[in-house]
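Visitor: Take a look at the letters that make up each chain.
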Amino acid sequence: MLLIKNAKIVNADGVSDKLQDILIEDGKIVKIGVNLKADGYQSIDVAGKYASPGFIDLHAHFRQPGHEYKETIETGSKAAAKGGYTTVFCMPNTKPPIDNIALVDFVIREGKRVGLVNVYPIGAVTKGQQDEELTDMFEMHKTGCLMLSDDGKSVNNSQVMRMALQYSQMVGVLISEHCEDQLLSKSGVMNEGYFSTLLGMKGDPVVSETTIISRDIELAYYLGCRIHFAHVSTKRSVELIRRAKVDGVKVSAEACPHHFSLSDKEIKSFNTHFKVKPPLRSEVDVEAVKTGLKDGTIDCIATDHAPHSQEEKELDFDQAPSGMVGLETAFALGVTELVSKGVLTLTQLIDKMSASPARIVGLDKKGKIAEGMDADITIFDADKEWEVIAKDFASKSKNSPFIGKKLKGLVIATICNGKQTYA
Amino acid sequence: MSEWTKRHLLDVEELSKEEIEMVLDTARSFKEVSSRDVKKVPALRGKTVVMLFFEPSTRTRTSFELAAKRLSADTINIAVNTSSLSKGETILDTARNVEAMNVDAIVVRHATPGVPQIFAHNLKSSIINAGDGCRSHPTQALLDMFTIKEKLGRLEGLKVGIVGDILHSRVARSNLMGLTKMGAEVTVCGPSTLIPVEIEKLGAKVSYDVDKVIKQSDVMILLRIQKERQKDHFLPSIREYAIEFGVTTERLKQGKKELLIMHPGPMNRGVEISSDVADGEQSLILEQVTNGVAVRMAVLYLVLGAK
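These protein sequences, in sequence, are chains A and B.
According to the numbering used here, the first sequence is numbered sequentially starting from 25.
According to the numbering used here, the second sequence is numbered sequentially starting from 6.
Please note that a few of the clues may not be correct.
Below, in silico cross-link-like pairs of lysine-lysine (DSS-like), each with a Cα-Cα straight-line distance of 30 Å or less [what the hints assert, rightly or not]: (1) B:K206 <-> A:K259; (2) B:K11 <-> A:K337; (3) A:K177 <-> B:K236; (4) B:K129 <-> A:K292; (5) A:K292 <-> B:K206; (6) A:K429 <-> B:K129.
Derived by calculation from the structure, the hints in this document are not laboratory data.
This structure is a prediction, so every number in the text was calculated from the model and none was measured.
One chain only, chain B, in its complex shape (with noise of 0.2 Å):
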């Protein structure tokens, strides 16, 4: 594989497992760049980016800008409303209005499933996705996965443990997809009410013990729990939640000394994660952020320079 051809980035599952080695490897050699003095390569000099969120978020869009500037892209940030779309233009003219200008990227945030499939038909910019309500969340994955990789050497064989709201979680469905691809063996874990059904058939092992979790994993990725879902009946609280499933420095203790703690951010402290794990030395919280500006440079470099 030393060619890449894909001009969209739009899920995890359209990835062959050579693809993901090829973004990872790329990525390993822009985050050299971010660590310089001068942080920037002209990889992409003249070329535009626009970051279209249909939905507020701050470190993807943030990410993102920053990856492109750093390859001498040229960034447009555009933050729609998306309560002012219902009525008159519908999501398709105001990406073809944003195209219309000559661009060349749109990186697309939307709150509906299959928004970016929708862009990539009926748009000839190449679009990436940044998340698309449940469902894919693909960079995400291939910065977790590079960050497990970078740490551990490996991926196949690996066993990590997904732990929270996975229903609603598209980092939790593009890690499951991603990292099932590359040879890893992922369980998700949270209470029943919040894992989808027929998830196995994704792949999946299914716990509701996070105990039983923290003593065979490798990697657990920890996601946030929203406050609506005790509202909404999924949980009889915030409170139960991060008794039975909150991830602390005393349940590590049943773990492998060397098992590694991740999270998407943003974090909920003292509900899934304890403040001395996301603080102490197994957490690689951190280094997510800082591979997610190289992983974002690659996608980008690979998808604008599609043959």
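Here chain A stands alone, though its shape is the one from the complex (with noise of 0.2 Å):
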């Protein structure tokens, strides 16, 4: 039980217009008004600080198990619950891969047990993530998955994407896919572009992306199947995914923090925290993945919250792997690069960051500060200037590429379940 006093409260269609206490009974808010008083409940004064519904990370890597060295899912929790986030959906990339109900049942207690943040594994699309055989998909809902991924590469198999589509859909769970033709993509290391060229680094296309994301939306519209788009990258891809939403497909898209903040003009620094997949693209795509999150085609914002050793990001570029932690820098990139740069005001971040993602997946509790709606709450300095430092991140692992950046926008505390996991 918990009393939150002097929040100014931002749902994604507003902002209240003067402070307000939320009451929080068994995770639940139970009520929301002006001087509420409840004796003998631990309260917070937040003094006028924002109070949004708790950020929802449809995308990241909690590396358990198997790669326990980059996080693992207390680690992860500690990193998601510092930067605001309440819900993490955690890829199935794991090692093993998450294919099966014992894995998901795994990761699910294992969440709990840490208890600062609502873990939901996704699960494989295919069995090891092989793209051959599917994944038993009603199990795996029926334990506790609401999205399916083979992140990390695509289901390349376009029969295999066919029947994935057609059976998650009667399941009820939706795809989530990462784009790549890793024929196209082969050995690219950074976007193919004139910075490619300029370094003579392998290149990874634009069209490597696209054409998965056209196979995807053509599969969609025949079958009628939804789908979900990870981490879009392109300008292409956004204009594809935008006439798609046009014509009538269940398309829905994320963007992630790096790919509306970084282009692929880092690379020049050889710096392998710059390292992701998709590649950092162009600055025209940078713009237009704005533009997408700006016009409702980019739904929401997710981190792909990828973390790796010290010692993997300081092989070679082609060597080190790819990716970058994110979920402790993202709502910050969303105030300073799309708030404060007008390409989003602050209830539309929060729609993004939250009230979106929650709709995609259907977690009809969550992405409201409401009575009756599950007490996952973030509070947060829109204002405040912080710079992002390596030895402050909870995460096991620091491979930001924003280290040494000064960034707009500072998680204070966040609560989960009713409970305060950080502050």
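Work from the hints to combine the two standalone chains into their complex.
Guide: Here it is, written out as structure tokens:
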């Protein structure tokens, strides 16, 4: 039981005009009002700071089981709570991949044991993420999977993808596709373009992403199925998804903070923290991703939080693994790159980080601060400037390209299921 | 420009026009040393130069080693098998270990672009790039410019054609950057699949017609075509490449009599260059090798003497 006092409540549909109190009981928001009294309750006076529905990340890597040296469900949960997240969906490219109910159950139970965020495992689409046999989707869904993905790679086999979409639709579980035609991306380590030519690096062309997006749009259109596109990074991808929505295809899409904050010119530093999949694209693509967020083509912001150890990131650019941590910088990048630059309003940012992802996966008790909703709440200061410092990360890994950067917007406290999980 | 200030040679881009001139001038005086009976000067006595090669190389490594030895430096060759590296030790660990033995310069070759930069950021030794992936090979570009200038007396205003696998060529990139900086006009030529995107923005003209390039050029640099390119779908066949892009005596008749032919080696005789062209009067291929030692002497001398 908890009372949050004097909060400026910001939901996807607007900001409260006066400071309000939020009363929480048994993990639910029971009452919102002015000058609420609750004797004997623990209370937090946030003194006029914003309270938003807790952030929801549809795309993170907690690396457990198998790669505990990069991250665990515990350290990942701490990073999430620090970043203002209350719900995190974990990709299944662990070792072994999360492709059966025993592993799904393990992730859920470990998430609950840690108890800092709602951890939802994303199940694999194909057994072992091998692009051959479908996983037992009914069973995994009943055990707690709301999403499936072979993230790390696409479902490359078009027939397998057709069956997966049809079957998952029946089950009622959403497929999130990592769009990359691996025959086209080949050994590419950065975006193919002027900078890959300048740097003599192997390029991963825009078209490796857009061919899979096109194929999946056509499959979803033909089958009448839903599909979600992970980490959309190119101008052409945004155009294809915009057109698909006009055509009534049931597509949703996410973009990552690094794809609206950084372009491929950063690779000139040879800093492997900038190596990520899909790669950082051109400035034109960065602008198009922002436009897509603004006009609603891109529904939500997901982090693709991808921790890697220092030893791995100290390898040369070709050998170093792709990915960057993101949970602890996502909100600040949203404020710095989108709100401060007039791309989104603060309420729209909250929509992209909470209400919209909740809608996409059907978490109808999340994504809004209202009576009867889950008590998942993020308290933040939208104007506070801070510097990203490596040792301050709660994540086990520190592979952030934003280290040393000054960002605006700081999470002050996080409440998950009515419990304070970060302050 | 009288004083050299760069402690490293990482690529051609970072050199000013004056600095390139200074390397070429210094190389001219060192070239004479190699023709003496006693091929040694004491310029780098007491200095240690390590050749740290993560990629196999015979020519470049030998050229650097001779250059260092003719300047009286002590030299060590370290060939690192990168496959054993991927587990455990990082490249930076290897380099730090080498440096801990108090060496003065590390000549590095690696299959990945940017490794020399990473070393330069993290180590105290002078770093000389002997080729990083498909990105840069500054001493090759410098020795090519030296060779051209020695023959033609200038670089400015010359028309240079670079023919072959431009996409995978550090020699092409470095020569393009260096030659355009010195006022030459560079046309890259090869199959469309082997021309990198947006190379025009680096100052190159692009042609798919080797005959046209022959007609307009003062100098042509031919690049090795690797057999794997056929397997990786860049080319239908090596045979077709030889027919469409191979430089032969017959083709050269269309060009200027004094058109110079260069090749960084190793050559595929009968593919990008016919034997009679390689061994013919217009060929500078062996002079490039000779000049390579002089240019690398100049680079080692300047970098290790940097103020």
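Visitor: Taking 30 Å as the top limit, are the C-alpha atoms of K292 of chain A and K206 of chain B close enough?
Guide: Within the cut-off at roughly 16 Å; holds.
Visitor: Holds or violated: are the alpha carbons of K206 of chain B and K259 of chain A at most 30 Å from each other?
Guide: Holds, because 21 Å separates the two Cα atoms, which is no more than 30 Å.
Visitor: Measure nothing beyond the straight line between the CA atoms of K11 of chain B and K337 of chain A; if it is 30 Å or shorter, mark the hint as holding.
Guide: holds, 28 Å
Visitor: Starting from K177 of chain A, check that the Cα of K236 of chain B is at most 30 Å away, please.
Guide: holds, 24 Å
Visitor: Is the hinted pair K129 of chain B and K292 of chain A satisfied, with a Cα-Cα distance of at most 30 Å?
Guide: This hinted pair holds, its Cα atoms lying about 21 Å apart.
Visitor: For the pair we were handed, K429 of chain A and K129 of chain B, check the Cα-Cα distance against 30 Å.
Guide: holds, 27 Å
This entry satisfies every hint, going by the numbered hints stated previously.
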